[in-house]
Each structure stands twice: as C-alpha cells, then as structure tokens.
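From first to last, the protein sequence lines stand for chains B and S.
Reading the first sequence from the start, the letters are residues 1 to 207 in the UniProt record's numbering.
Reading the second sequence from the start, the letters are residues 1 to 207 in the UniProt record's numbering.
It is possible that some hints are incorrect.
Any copy, or any two copies together, can satisfy a pair, since identical chains are not distinguished.
[What the hints assert, rightly or not] 20 Å max Cα-Cα, derived EDC-like pairs, lysine to aspartate or glutamate:
no.	residue 1	residue 2
1	K179	E136
2	K179	E152
3	K179	D150
4	K61	E36
5	K148	E184
6	K61	E46
7	K148	E94
8	K85	E137
9	K61	D71
10	K148	E136
11	K148	E137
12	K61	D24
Keep in mind the hints are simulated off the structure, nothing from the lab.
So you can see what is in the structure, the chains are spelled out below.
2 protein chains.
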Amino acid sequence: MTRTARKRTGRRPGNTESRQLILDAARAKFATHGYEGASIRSIAQEAGVDTALIHHFFTSKDGLFSAAVHDAVHPEQLVAAVVGKRRALRGLGERMVRAIVGLWEGEVSRNQMSSIMRSAVSHEVAAQLLRRFFTEEVALPVARSTGKSDPEVRAALVTSQLVGLAMTRYIVQVHPIDKLPADELVACIAPTIQRYLTGALPVSFRG
Amino acid sequence: MTRTARKRTGRRPGNTESRQLILDAARAKFATHGYEGASIRSIAQEAGVDTALIHHFFTSKDGLFSAAVHDAVHPEQLVAAVVGKRRALRGLGERMVRAIVGLWEGEVSRNQMSSIMRSAVSHEVAAQLLRRFFTEEVALPVARSTGKSDPEVRAALVTSQLVGLAMTRYIVQVHPIDKLPADELVACIAPTIQRYLTGALPVSFRG
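Using the sequences and the hints, build the whole thing.
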C-alpha cells in the first residue's frame, strides 16, 4: 500500500516524517480492516517504524485513530471552504453537503468508507470523534458563521441529517440512496441543511 | 422482568401464548443485553419455554430478532396512524416524526433504545430489518399514500433523516439533540420529513 520513506531512501525518517508515515499507514489499515481489525503492530509494520514510536506519538490506538481522522479531515480547511470568503448564506447548505460527500467519496472508496463507519458506530471512541470532528469542529463553526440564533441546535440538526445520510448510503445501504449519483444526492439533501443552518427554528431555545 | 404465564398460572401455555411469551422475553433481553449479548437460552429461560420451541417457531436468533421487532413495531398500524383516514398531506411530516419518536421512547427506555441500536448497526441482520421494517413497510407506504412522484426516493430520504436522528439522539448523543424534549425535536425535524414526502424533488428520477 503506502511506501515508506525508509524503504524509498534507505535513510532513517525524521520525527515529522515518521508521524506522517504512521498516519498514512493507520488510515490505510483502518480503512481496510476496520477499527478492531487494524493492529498497532500491523500499522507499525506498514509505516516501517517501531510500535514504541506509535505509542510515543499517539499513546494508544484510540489516540492514533483520532489523529488519523483529524489528519484526513482538516476541519479548519473544510469549514473555510464551506463558509467561503464572502460568507454568503445562499448556497451554504449545498456547499456543506457537497464538501462532506466529497470527503467521504474522495480519498477512500465507498467500500472502505463503509468499513470504517461500520466499525466506528460500535465504539465510543468513534462516537467521541464524530462529536468532536464533525459536530464541534465542522458543523458548529459553519452554523456560527451565519450569525443566526442557536448555533448548537443547528449544528446538531445538521449532524443528524448527515450522519443518517452516511448510514443509509454506506452502512445500511437503503435503496436508492446507496446508488444515487453524488450530484442528485446533494440536490435532495442541500435544502434540509440550508434550513437547519439559516432558516427560522420552530422553537426558541435557551442556552 | 416479564412474568411468564406458566409461572403465573401453573398451566402449560398454548402455542400462540408461548409464541408471545417468547417475543416479550426476546424484546426484554435484546433491550438489556443487545443482539450479541442476548442468548437463545436466556430468552427461553425468561419465557419459561424450551429452547427447541424457539427454534421451532423462529428457526434462528436472526428470525427471532426480526419477529420481535415486527411484533413491537406493527408497521401497518403505524402507517395507518401516520397517513390518517383523510389522507391529509398537511401535517404528514409531523405525524410521521411524532409517531416514530413515540415508538422509540414509548415502550422501552432511552437507554434500552440506545443498547438495541448500538448492537443493531453492527449487524447485517439489523440492517436488513431497518430496510424492511422501516423503509419498505413504513416509509414507503407513507410516501405512496401521497400520490407524489418517486416514492422510493422519498422513502429513502425520510429514512436517512430519521436514522440520523436516532443515531444522534441515542447512540452518538450529540448535544443538544440527545436532551431536547420530544415536542421540540418533532417541530425541528417535521418540515424536513414533510418536504421529503410531499415537496418538489430537485431532480427527476427514473424507475
């Protein structure tokens, strides 16, 4: 799968380089074998490093998984791309759904995505990641960018629709959502996200 | 938990009665211990029947799980209640969300619901159940009742939002969706379901 710098160049990789090699190897292994199936040992082997170095950088498998997701998602860049320089409310829902579906279907295949998500939903560590990387670091900043009321409620509603979309497209595979071209899917879901982000909420929430 | 008729009355329960005792025991055990944790043996013990009778009625654990869900959901009654006698399109989304959240939070507690769903998402049998009992037997008949185009697409979109709602309220527990009173949740989600069921779809689908 991934080639290691050590294999390529024969020299010992530096710390930053080693860290990235481990993250790349971890993402490949988690994608192929799921959270349970990917061992620290197999990831170390793939990255061409000692398992001790993984523990040194990431403490635990949870820590490594978390760092690998963060490295794949780049929440700040995602938010900046969705919000846009002009912070236009128009099209915000569409930009958000397009960015998220693009993320899901960009780097890894749908099968890999399915494997990651399936193993993810059964682990509390993954639930924490979803809350942290998706709701708190992506949906909430996007909701805050609009200046509308109750960004926490809006971010949670956005999460509910996009998590459900991922579930029905990749895990449960509900026909025809599992087969729709991304563009058609975006067109169907975008108005929902637009309303959650910018529409009037039917209730006034406190705090 | 559930008392068995045999324990109550000392007589040997009939076939229909035994079947119901098994289903009640299965739901209690699946709710408490999840799909993996609930054994056929423990369910038989709870119901006061022989394990052979469970195999006779339901063939396998999958079959029992499926029957227990069907027995809890009563899809036809749910659809009739949501669609209503006058088949009014107005309020359809709200009736649907209210019925589903009521089902989730009615008979079993939120903790039990969380346990069932958590174990469910990691099993193909549960994915099949969701497609069959929710999308095909609930969402699709409701979508068909409106006479609008593309009921399959609409039913899948409805499933995506409601599955995501269940995930964020019971499994991942995304704040504040996990704590919102049911009425406020219904008010936020209902317009989405209304649009998926009765609104203009942004794309024209074939087949």
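Problem - Hint numbers contradicted by this structure - result: Nothing - there is no hint that the structure violates, so all of them hold.
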